[in-house]
Amino acid sequence: MDSFSSPTDRLVLASGSPIRAEMLARVGIAHDVKIARVDEDAIRAALVADGATPRDVADALAEAKARKSAGQGLTLGCDQILSLKAEIFAKPANRAEAADHLGRLSGQTHHLYSAAVLYEDAQPVWRHVGVARLTMHKLTAVEIESYLDRAWPEVEGCVGAYQAEALGARLFARIEGDWFSVLGLPLLELCSHLRLRGWRFE
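As numbered in numbering that gives the first Met the number 0, residues 0 to 201 make up the sequence shown, in order.
Everything labelled a hint here was simulated from the structure, so no lab data went into it. From a predicted model like this one, the values you see are computed outputs, not experimental measurements. Treat the hints loosely; a few may be bogus.
Stated by the list, open to error - In the BS3-like style, the derived pairs of lysine-lysine whose C-alpha atoms are separated by at most 25 Å in a straight line are: (1) K33 x K84; (2) K33 x K67; (3) K84 x K137; (4) K90 x K67; (5) K67 x K137.
Please construct the entire structure, taking both the sequences and the accompanying hints into account.
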């Protein structure tokens, strides 16, 4: 950027996800990363016990992360929830659990809810939950192990034990809905909101 360019705005991304940071960078949203340390398992369990929907769980976790990292200016909190027939899947803790999750998703249609919440000066000012519907091929145990032989440990910590933008694409028969929500961030809606605010992109 030369000395005659207008200054750009910056936000804080309360997430350690490389793909979210990459998406922001690619559309010119300058940002700094400040990972929010929240007890996701405890928050999720409490919400599920209260009868919260997967969409509401994603939204609440995104807000918790934004609130935790919020300071002056804008802070973006994000979360993604995978739901199969109303059951919420946590991130696999190990390879064996990843194989189990893939086996249960095999031949089924599940939903991904990707929530984003913006805080400004410690107050929520915008939120959105994107949704995608994904149908997985029927996979044999051999196919699952072969896939994990190549994809692990890259998919460790990924909900569903896959990255649909990479090797995991071969697992799916159909993906419907918002592609950016599959990646973990409703990017179009975020950009639209920032434009309304007069955001100065890079």
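Can you confirm whether the C-alpha distance between K84 and K137 stays at or below 25 Å?
holds (17 Å)
Can the restraint linking K33 and K67 be considered satisfied, given a maximum Cα separation of 25 Å?
holds (10 Å)
Could you grab the alpha-carbon distance between K90 and K67 and see if it respects the 25 Å cut-off?
Judged against 25 Å, a Cα distance of about 21 Å means the pair holds.
K33 and K84 were given as a pair; does the straight-line alpha-carbon distance stay at or below 25 Å?
violated (34 Å)
Hey, K67 versus K137, does the alpha-carbon distance stay inside 25 Å?
Given pair K67, K137 is violated - Cα atoms ~40 Å apart, limit 25 Å.
Taken one by one, the earlier hints fail for this structure at numbers 1, 5, listed in ascending order.
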